[in-house]
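Taken in sequence, the protein lines are chains A and B. Per the working numbering, residue 95 is the first one in the first sequence, and the count goes up by one each step. Per the working numbering, residue 52 is the first one in the second sequence, and the count goes up by one each step.
Because the hints were derived from the structure by calculation, they are not lab data. For glycine and all other residues, C-beta sits at the position ideal for the given N, C-alpha and C. Treat the hints loosely; a few may be bogus.
Stated by the list, open to error - List of simulated lysine-lysine pairs, DSSO-like, C-alpha gap at most 30 angstroms:
{"hint": "1", "chain 1": "B", "residue 1": "343", "chain 2": "B", "residue 2": "299"}
{"hint": "2", "chain 1": "A", "residue 1": "250", "chain 2": "A", "residue 2": "223"}
{"hint": "3", "chain 1": "B", "residue 1": "346", "chain 2": "B", "residue 2": "299"}
{"hint": "4", "chain 1": "B", "residue 1": "338", "chain 2": "A", "residue 2": "98"}
{"hint": "5", "chain 1": "B", "residue 1": "338", "chain 2": "B", "residue 2": "151"}
{"hint": "6", "chain 1": "A", "residue 1": "181", "chain 2": "B", "residue 2": "480"}
Unchecked claim - Where chain A lies over chain B, by a calculated footprint (3+ residues, C-beta under 8 angstroms):
{"hint": "7", "stretch": "53-64"}
{"hint": "8", "stretch": "221-229"}
{"hint": "9", "stretch": "475-485"}
As the list claims (entries may be wrong) - Some chain B residues well away from chain A (every beta-carbon gap over 12 angstroms; in silico):
{"hint": "10", "residue": "159"}
{"hint": "11", "residue": "174"}
{"hint": "12", "residue": "183"}
{"hint": "13", "residue": "216"}
{"hint": "14", "residue": "250"}
{"hint": "15", "residue": "294"}
{"hint": "16", "residue": "328"}
{"hint": "17", "residue": "334"}
{"hint": "18", "residue": "514"}
{"hint": "19", "residue": "534"}
For reference, the chains in residue letters:
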Amino acid sequence: MKTKGEVVFFAVCVAFFGFMGAQAVALMGEGRAGEIGSALWPLIALCAALGLSAVLLVQAVRRPAAAAVGGEASEPDARDEARRRRKAVVASTACFFLYLVAISFLGFILATLFFIPAFAFALGERRTKVLVAAPLILTTVMTAVFIKFLTIPFPKGVGVFAAFSRLFY
Amino acid sequence: MLEIYGQAFATVLLPQNLIAMVLGALWGLLAGALPGISTSMGVVLILSFTYTLAPMTAFVLLVGAYLGGITGGGITSILFGIPGEPSSVPTVIEGHALAKQGKAAAMWTYLLCSIFGGLFSVLFMIVATPLIADFALRFGPAEYFALTILGLSVVSGLSGGSMLKGFLSCFFGLFLATIGTDGITGEERFTFGTVTLLGGVNFVVAMVGLLAVSEIMIEAEEPFKEYKGMVEYRGLLEELPRFSLFRKYWLTMIRSPIIGTIVGALPGAGATIAAFLAYGEAARTAKHEPAKFGKGAIEGLMAAECANNASTGGSMTILLSLGIPGSNTTAMLVAAFMIHGMQPGPLLLSQRPDIVYGIFTAMIVINLLLLAITGTAIRLFLQLNRLPYSVFSAAILILCVVGAFGINNSVDDMMLMFAFSLIGYFMRKFGVPVAPCILALVLGDLAELSLRRALLLAGGSPLGLVSSPISAVLLLGALVSIVYPLIKKPKMLASS
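Bound conformation, chain B alone (with noise of 0.2 angstroms):
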């Protein structure tokens, strides 16, 4: 086992990839840092850019940013009051509470905490993965079926508002999903006679259109902003907060990456409520200073950070070894897997074991790398707060073009792109998450292409896809994560 993580740290660390590494959570970093870009959006971006590279230095590229963008959201949080991500409401709550009380610890903090939660998930990841790949290699199509099923029923935690508008982005996602030539029967379908889309929906072009061309149009309908203002750093050794404050709150730094790691294995829990019920948890059980939660409370800054970025080892951990994305930015890896040539899931560690090592020992090198990045240019980060918005919308949006055009060449890609970005800015406009529709592009042809195989196999009655234990579990738990939010939601209305 040893030996397998001395080849993974040694393929890591070959220059490319150590570059690669280094560029994925600078940009997620930036994309973190900067309001109008989410991670989602930093990773999507890009994507179509690491179809030309190799697979590890395409994946240590795409990790990168994705940590980095977790990351990176607690430095606009802290210092400006906006969250990049939902996840970093609760930093907003006490780590912009302390900046504006000019507690110096905050930033510093902020960022030993999400370096010390990512590690932990790691950790986890490392030890939990290849024993859960090991019980997903007895799976079927009908468990494949049942697993994509669990994979699709986070769209209930994805939804925000509305689940029936969540379950109708999810419905187009499928039924995006099946444009273009059939992989069992080879017929045409949807495609009205166009070439463009007799090889399907490309993944990255309608993200890039879906996710990141329609946020720009929505935030075009916000007044004009020159820039989005600048906030004073002091500098490393002022900010930099003392041993004793970790010694302090010791149980909420063991707790919270727990917390973080288990509920970003569950589909559809994800970063968001990592963060909230970490920080919940130390407020409800706080001994320090318990009325400060809420005003700027450094033992919240603490928990929420811890748990948001240990989410990440979390929802990767499901991601290799069942092949789930728990949220939109792990389904755009399933896409790069899959421009890659590869399918995440139990087989992937026995078919491709250097790049599952390789990424877990990526996500050590980069969470590392992360720590020396951020602490080093936070005042460039700020910086770049003072570019004018105008400018660095139109600066996406020639990325995206970029992003669509890149991946055939085509102009019809990028045509394609604008019709998606439409369709994305009225469902976002009208409350349609666009979220849940990027996750069953993503798994919609799993999911179909099990269907019919199990379908196949048990001679074309529906029971076949029950007829084993584990794909009963498995439709069972996607049952109840549709059903539960429903319940929940009016007792929750109720006791507000």
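Isolated chain A, as found in the complex (with noise of 0.2 angstroms):
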């Protein structure tokens, strides 16, 4: 399963290597006469990262037989542990992602509020106590210090929200 996911890493670079590579070669030749042009550095850099991309993208395309054979992607309770630690790092980063989000709509402080409990729960969280009164606490210690302390202009949100968030700064 690894390797799969190697291979599609290591292609995903040869992809993404080519195509800067191929933006670097537009900006040749446009520096002022006599000058060293500013795609000489990214060109050497990206050139030489397409190339070790592609090596390790052929080691990894060579890995896979022996790797299924004898490995332990094969066995049913591995698989189940690999897609429990899947889960919880998709769910995590997901929770991640809409707390990003949700700061420019919910305000820093009610979107720290929500994400707390959120986050935990997506890591396995199920103790109710910790996840009523952790919201509440670390918020209140975030907002102490970087709002009013360091007075950090987080955004406040939109609409009602914006409202809360200016009760507190």
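Two independent chains are provided; combine them into the complex using the hints.
See below:
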């Protein structure tokens, strides 16, 4: 499973560095006369990265047969565990992304208040006391330190949420 | 000279700087002591809060976190058997074994040796930095280019398992450093019309995403844990070792900080190699109870901790005199210098001696503060490990958000941080180390500008890069530090 992921990862690397390399080529010849152009350094870095990605891709492509034969991934327990892990990562990452998006709409305080229990739940936290008390305590501390003390101008949110945020900052 | 140090001490001991040192040391200790946060993560999390601080206050805060992190790693290593940093592995082997045997002296021996190692290396730093910086004043663009290449060659030391992946990460970092407006021609590069990228990729945003958030994402894969656990600590009087212990192992106490300082000064070597080398040397030459190594040898613990902390002075010497960061933590300090409009290197000593000498003296004060803080707060650090881990990681993520947003008060920076955290997660997932990328991102701009200036001066001829003996030697050094591990590794594998 991991090998398959590696192949995809390094294939994406090859595609990315190839695309950026093409962009760098487009920069060539635009510098002033007698000057070393702005394409030289990125081209060196991108060509090297492209070459290394290609080598690592080939290495990853050659590996799967050996990994699949004796690999643990074929066992049901290991598959379940891998699935559980992926689920936790996806859920917690989605929580974090939604938090970043929500900050603009709900404001920092409300978004933080909702984010903490959601993220903890995604990680597997099931204790009610922790899920209820921690967001209140942490949000209070964060608000006091970063909004009141350091006066960082976090987004206040929109509409009714902005009105709520204005009660605090 | 005494007058300069007198002024530096007076500046460092100003209330705001003293508070910053205490807070930095506390935060570093916390970061080092709490499993899941590394020293570099601790430093990067507070880096973004230093923008509005006076330069001296910002640096003492960051240096406090750096030294605190290196010292704090020993707490979890001894009590929980969890190495917060790779450099703490020998401490886990011997220190945790001693703790399990109920050997009361382990905690304080580690602490006293750490501080001794740290102070020893500061003395080296005070002597060596002006000498190296004076020599480096002869550097032109070609020498600077060679120097940055030497700095980038540490990738071989930061790569972990695969050199290919380490270099891939490094070239990715070099590419990231080219994004934005070109410093010479003013052309836009890889911005795709976005205003956010015009100024380039912000170091802090990239570091927070690649290092801190991705670490939490990797931790999310681990089975759920309520707490990290709790270990009994008996108290100061019961734990304090006798002076005869240090007299008995005097040779280790002298040899290990020397090894640590020298190894710390080598680009890419750092605290891990320093700790292992000193530990190995102590095991090899042990006269008292050599059979105990691996099962709880106090001499091994002393050697590892002395060398571990001594490496900080070595790294800082090279950072301040040549501008080369030897690790991702010192790379963050380079970023801090740039944030405050300074470039670490030979000119820094002549342009801002107040900062350089201030850092020297701050390191002495911080080491002493660490002794006092750690000694009195060990019990508190142990209690902190009872924080629910799920909530604790949420708090770290909020700190990351605050850090990324606080730079420009921009929501775009938060999204950029998220993008970097995904990149960092997949890099780690597939064994591509993130440290070389961060190092290259920090050094990339200087490397490119130096190369282009050197080529311009040489009329476009690449020979201009090796025309001076200094640049030729530095480039040769870079070549050796890249090639040597490649030759050495197969030999080590064959012998094992």
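Exercise. Counting residues of the stretch 221-229 of chain B whose CB is closer than 8 angstroms to a CB in chain A, do you get three or more?
Worked result: Our answer is that it holds, as 5 residues pass the Cβ test (under 8 angstroms) against chain A, meeting three.
Exercise. Okay, the stretch 475-485 of chain B and chain A, do three or more residues pass the C-beta test at under 8 angstroms?
Worked result: holds (count 4)
Problem set entry | Satisfaction of hint between residue 223(A) and residue 250(A), Cα-Cα up to 30 angstroms | Answer holds: residue 250(A) to residue 223(A) is near 28 angstroms, not above 30 angstroms.
Exercise. Is it true that the CA of residue 346(B) sits at most 30 angstroms from the CA of residue 299(B)?
Worked result: holds (19 angstroms)
Exercise. Hey, residue 338(B) versus residue 151(B), does the alpha-carbon distance stay inside 30 angstroms?
Worked result: This hinted pair holds, its Cα atoms lying about 24 angstroms apart.
Problem set entry | 30 angstroms Cα cutoff - pair residue 181(A), residue 480(B) | holds (15 angstroms)
Exercise. Residue 174(B) clear of chain A by more than 12 angstroms, beta carbon to beta carbon?
Worked result: About 36 angstroms separates residue 174(B) from the closest Cβ of chain A, which puts it past 12 angstroms; holds.
Exercise. Was residue 183(B) rightly flagged as not at the interface, with every chain A Cβ beyond 12 angstroms?
Worked result: At about 27 angstroms from chain A, residue 183(B) clears the 12 angstroms cut-off, so the statement holds.
For this session: Find the nearest Cβ of chain A to the Cβ of residue 159(B) and say whether that gap is larger than 12 angstroms.
Result: holds (32 angstroms)
For this session: For the pair we were handed, residue 338(B) and residue 98(A), check the Cα-Cα distance against 30 angstroms.
Result: Not satisfied, since the Cα-Cα distance of roughly 52 angstroms exceeds 30 angstroms.
Exercise. Regarding the assertion that residue 514(B) does not contact chain A, is the least Cβ-Cβ distance greater than 12 angstroms?
Worked result: holds (15 angstroms)
Exercise. Is residue 343(B) close enough to residue 299(B), meaning Cα to Cα at most 30 angstroms?
Worked result: OK: residue 343(B) and residue 299(B) at ~16 angstroms, within 30 angstroms.
The structure is inconsistent with the numbered hints 4, 7 and 13, although it conforms to all the rest.
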